[in-house]
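**Student:** Read off the chains here:
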Amino acid sequence: MTSKVIKKDALNKTITGWMRSYDVIAPVSSKEGIHFRKISDAKEFTLQGNQKPNYPPKSIFLPQSEVLFEIKDGSYSMPEAPKRRQIILGMRSCDARAAWLLDTVFNQAEELDLYWARKREKALVVSFGCASMCSSGFCDTVGSGPFGKEGSDVMVTELDEAYYLEPLTEAGEKLTEKLDNAESGHSKAAKEIQKSSVVKEHTQADLSKINEKLYEAFDTPIWKEISESCLGCGVCTYLCPTCFCFDIVDEVDRSERVRNWDTCMFRIYSQEASGHNPRPSKAERTRQRIMHKFAYWVDNEKASGCTGCGRCVALCPVNLDIREMVQVITGLPIQ
Amino acid sequence: MDDFGQVRKEAARILSEKKVDVVLGFKSGTIPLKAQPAFITSAKDANTLILDGFCQNNLAVFLHDLPKDKRIGFICRGCESRAVRALAIEHQVKRENLYLIGVPCSGILDWKKIQDEVEGPITSAVDNGKEIILEIHGEKQTLKRNAFLVDSCRTCTGIEPVGTDVIIGEVHLLDLDDDELPPTWAEEFEKHSPEERYQLFTEETDRCIRCYACREACPMCYCAECFVDHIMPRWSESMVTRGGTQAWHLIRAFHQTGRCVECGACERACPMDIKMTYMTDKLNADMKKKYGFEVGADDEKQPPFATITLDDKNRFVS
Amino acid sequence: MKNIYKPIPMRIERIIRETDDGSLRSFELTFNNPADEKAFFKAYNPGQFCQLSIFGKGEAPFGIASAAWEGNFVRFTVQNVGSFTDTIHRAKVGDEIGIRGPLGNGFPIWDWNGKDLVVIGGGCAFSTLYALTKHIMHPKQRKDYGRIVVIYGARSSGLCLYKPDIKSWYERPDMEIHQAIDVPEEGWDFHTGYVPDVVKVVAPSPKNSVAVVCGPPIMTKFTLPILVDLGFTPESIYTSLEKRMKCGVGKCGRCNLGTQYICKDGPVFSLAELNELPLDL
Numbered sequence: 001m002t003s004k005v006i007k008k009d010a011l012n013k014t015i016t017g018w019m020r021s022y023d024v025i026a027p028v029s030s031k032e033g034i035h036f037r038k039i040s041d042a043k044e045f046t047l048q049g050n051q052k053p054n055y056p057p058k059s060i061f062l063p064q065s066e067v068l069f070e071i072k073d074g075s076y077s078m079p080e081a082p083k084r085r086q087i088i089l090g091m092r093s094c095d096a097r098a099a100w101l102l103d104t105v106f107n108q109a110e111e112l113d114l115y116w117a118r119k120r121e122k123a124l125v126v127s128f129g130c131a132s133m134c135s136s137g138f139c140d141t142v143g144s145g146p147f148g149k150e151g152s153d154v155m156v157t158e159l160d161e162a163y164y165l166e167p168l169t170e171a172g173e174k175l176t177e178k179l180d181n182a183e184s185g186h187s188k189a190a191k192e193i194q195k196s197s198v199v200k201e202h203t204q205a206d207l208s209k210i211n212e213k214l215y216e217a218f219d220t221p222i223w224k225e226i227s228e229s230c231l232g233c234g235v236c237t238y239l240c241p242t243c244f245c246f247d248i249v250d251e252v253d254r255s256e257r258v259r260n261w262d263t264c265m266f267r268i269y270s271q272e273a274s275g276h277n278p279r280p281s282k283a284e285r286t287r288q289r290i291m292h293k294f295a296y297w298v299d300n301e302k303a304s305g306c307t308g309c310g311r312c313v314a315l316c317p318v319n320l321d322i323r324e325m326v327q328v329i330t331g332l333p334i335q
Numbered sequence: 336m337d338d339f340g341q342v343r344k345e346a347a348r349i350l351s352e353k354k355v356d357v358v359l360g361f362k363s364g365t366i367p368l369k370a371q372p373a374f375i376t377s378a379k380d381a382n383t384l385i386l387d388g389f390c391q392n393n394l395a396v397f398l399h400d401l402p403k404d405k406r407i408g409f410i411c412r413g414c415e416s417r418a419v420r421a422l423a424i425e426h427q428v429k430r431e432n433l434y435l436i437g438v439p440c441s442g443i444l445d446w447k448k449i450q451d452e453v454e455g456p457i458t459s460a461v462d463n464g465k466e467i468i469l470e471i472h473g474e475k476q477t478l479k480r481n482a483f484l485v486d487s488c489r490t491c492t493g494i495e496p497v498g499t500d501v502i503i504g505e506v507h508l509l510d511l512d513d514d515e516l517p518p519t520w521a522e523e524f525e526k527h528s529p530e531e532r533y534q535l536f537t538e539e540t541d542r543c544i545r546c547y548a549c550r551e552a553c554p555m556c557y558c559a560e561c562f563v564d565h566i567m568p569r570w571s572e573s574m575v576t577r578g579g580t581q582a583w584h585l586i587r588a589f590h591q592t593g594r595c596v597e598c599g600a601c602e603r604a605c606p607m608d609i610k611m612t613y614m615t616d617k618l619n620a621d622m623k624k625k626y627g628f629e630v631g632a633d634d635e636k637q638p639p640f641a642t643i644t645l646d647d648k649n650r651f652v653s
Numbered sequence: 654m655k656n657i658y659k660p661i662p663m664r665i666e667r668i669i670r671e672t673d674d675g676s677l678r679s680f681e682l683t684f685n686n687p688a689d690e691k692a693f694f695k696a697y698n699p700g701q702f703c704q705l706s707i708f709g710k711g712e713a714p715f716g717i718a719s720a721a722w723e724g725n726f727v728r729f730t731v732q733n734v735g736s737f738t739d740t741i742h743r744a745k746v747g748d749e750i751g752i753r754g755p756l757g758n759g760f761p762i763w764d765w766n767g768k769d770l771v772v773i774g775g776g777c778a779f780s781t782l783y784a785l786t787k788h789i790m791h792p793k794q795r796k797d798y799g800r801i802v803v804i805y806g807a808r809s810s811g812l813c814l815y816k817p818d819i820k821s822w823y824e825r826p827d828m829e830i831h832q833a834i835d836v837p838e839e840g841w842d843f844h845t846g847y848v849p850d851v852v853k854v855v856a857p858s859p860k861n862s863v864a865v866v867c868g869p870p871i872m873t874k875f876t877l878p879i880l881v882d883l884g885f886t887p888e889s890i891y892t893s894l895e896k897r898m899k900c901g902v903g904k905c906g907r908c909n910l911g912t913q914y915i916c917k918d919g920p921v922f923s924l925a926e927l928n929e930l931p932l933d934l
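Residue numbers (the working numbering), protein chains in the order written: chain D, 1 to 335; chain R, 336 to 653; chain Y, 654 to 934.
Hints listed in this document are in silico derivations from the structure and should not be mistaken for laboratory results.
A few of these clues could be false.
[As the list claims (entries may be wrong)] The calculated EDC-like cross-link candidates involving lysine to aspartate or glutamate, where the alpha carbons are at most 20 Å apart (straight line), are:
#, chain 1, residue 1, chain 2, residue 2
1, R, K354, R, E431
2, Y, K659, D, E70
3, D, K8, D, D180
4, D, K224, R, D380
5, Y, K874, Y, D933
6, R, K403, D, E228
Generate coordinates for the entire structure from the input sequences, incorporating the hints supplied.
**Tutor:** So, in structure tokens, the structure goes:
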């Protein structure tokens, strides 16, 4: 596929052009922080350095609260699908990869989740790679990297004078076909930036060995030790771009059946009606989270369920670091 | 030996003399600007204990999880010692099982503000009590500490640990040059009309993601079943709607009336940077004015809104 | 395109009071739409379950307690334990209720052709085993299987389910039925004792046999080792697991057990499969 370039001062014009046929959802900076919003002016798109919103953009495809059905006279009707196509602009590779991983859950022909699928079908992902990794990120050690390709339709590398666009899918190619072709100088500069974006000291985590060691440790007391300072809140799982657990609730006042994000880190998540709780303490719940990310995902999809975005590391109120936890349990490093 | 060296020595002593089973404190975090809660069970590990402005949590929150028969050494700052007092009055901890080592505090730092202030990845951060010394791209950058204190520490009046077994170190009030610092969020809030205040409250809480980090970080939130998790009747919806989220914040603030120790751990835990201490600060100020009650001021007085006596004035009670 | 979260509208056709104390009732539901009925029976296999859906009360999973040949209805046996099941128990014939299903994998009966079957059930978990037995006892299926031994325990005779059918099973030459109750009762002619002990007494032969166990977790816990002692291999012992469920289709994550979802990859698992899974049940 042909790489393209947009001169730095022509980016806004390009985005404005896209806005004629697409709703452009992009990170917008305000006093409330950085959030993905539908922009009405290309200038609203602000992304600097390796910034990304704390709130994960999985919310674009799996909203934190989503109406599944409106109930009228006993019949269940699905809310209308989004009409316009969307460009999700300014995704990071960690978040784009996460959406790609979640496609294996929600976007399979057998038991298709229509709510996820119809949004994904209408959306194009234009990601911006990170020239230098964020301080708590480790995407390069869990099978990806700041310019990881999975989940994006176009990957953008910021050069000195221009943006270098690599279409990665047919849809990405179509979106960028009218842009100027990149020259060899651009490609060379982009490759240099991409190559030097990873942290030199980082090494690839041995996912299959980590998987093996986690299973070995399943019935040991190590989980109690590592979860001692866990508060049992939902920060790690709610901000995680690959966590997808949800609860289904009937909102009688509004005649809606809705789904809301849920988390395996809450005690009541696995609480059964009989009173029995298979995960009664933080030890079992922490074990579930770590096993799911680094054992079960690896078994099922041959890929880590963690994309190394680093949000849980940066924002855990007690600085519980999933890399440290995996290292303590398995003796194997994730940097 | 500096003050905190004495604290480590004391921690090692109470462990080796088997006066306590565990010492609760902080140790270094895995990334700059962070610290982790530490549960030290052996004297030789006491030298891993640290205390600086990156120690964000109110460690009293862990008293609920540790087995009730364990004897716990607790290195506590002012707000943490007030929490212990409040918990003891509410019969949540046995004071006789605790050995409280009071320590001075220079106020907790706002790590997000520090990160936003500088350009480039911070590879190391040191808080020496006067300055914050950062390393960015191999170069040192120094910041004045006071400008980066969290709001609740700037207005702290309870810096002296209370009810502790010892105090190691000299407790000073914070040396804040008020002229240099912008007003706190709460001060700003008070300047607005009721309609504007509701607008500000809505703007803040609109980004709440109901992760309940505020609740879990708070030592005074220890209910076995929180009102938001109660289904029959359902007090608040779990959907992220304004109704549900605003109810969450308001009701939690009211449940903390006269109980909140004003440590600010809730705000620091929040991943969405939502302001919330202004509500409990105001409610606590009202408690002081109307009932003469201040949480942690002594170890006997019951919090008025959490206590019922037979001669209660409310007619529906007696 | 099919919406996996959308309940199929059903009508309560018949209500049977199963137990003397009324704590368990069976509800036979018929389809409002013929297309739904056709699709359901095309997919249905004993051992599967459905999510019953009542707007305002939510959803809960129930094993399907009927065989396809019994008619154009689907039977569920419901125990009254909480607000959702209480609402169902208060329903009347003609009331509408939603279902989502058939869900889960069901019993792999095609793998059991030519084998003897030992069906071991306890309490209200017997419902899917009842469906299995009814299915296999039909002349069309019966010749595909060898000996059939059914062991079914309940706490007391009044709590036994499906009494008329089970009574008729005693008359059948092509199956062996062993009922048990926990404590002695006057007039009870059959076994007394817990199901695991009855299994020891009956001592079914493991030769060319498959054992299926469904019951309260404690019953299953003690029965499985007895079957292993009797010589059943882990590949020939099957059970049906329960865990808190929400979506029932392997999306919401709640019933996750290791690499599997109990709602989608189960609820039926062989002991060999269970031995590979981390058991946080």
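**Student:** State for each hint whether it applies.
**Tutor:** Tested hints:
The straight-line distance between the Cα atoms of R:K354 and R:E431 is roughly 12 Å, inside the 20 Å bound, and the hint therefore holds. Our distance criterion of 20 Å between C-alpha atoms is met by Y:K659 and D:E70, whose separation comes to about 11 Å. Proposed proximity of D:K8 and D:D180 is supported: the alpha carbons are some 13 Å apart, at most 20 Å. Restraint check for D:K224 and R:D380: the C-alpha separation of about 19 Å stays at or below 20 Å, so the hint holds.
Distance check on the hinted pair: Y:K874 and Y:D933 sit about 14 Å apart at the alpha-carbon level, within 20 Å; holds. Simply put, R:K403 and D:E228 have alpha-carbon atoms about 15 Å apart, close enough for the 20 Å limit, and the pair holds.
In summary, this structure violates none of the numbered hints.
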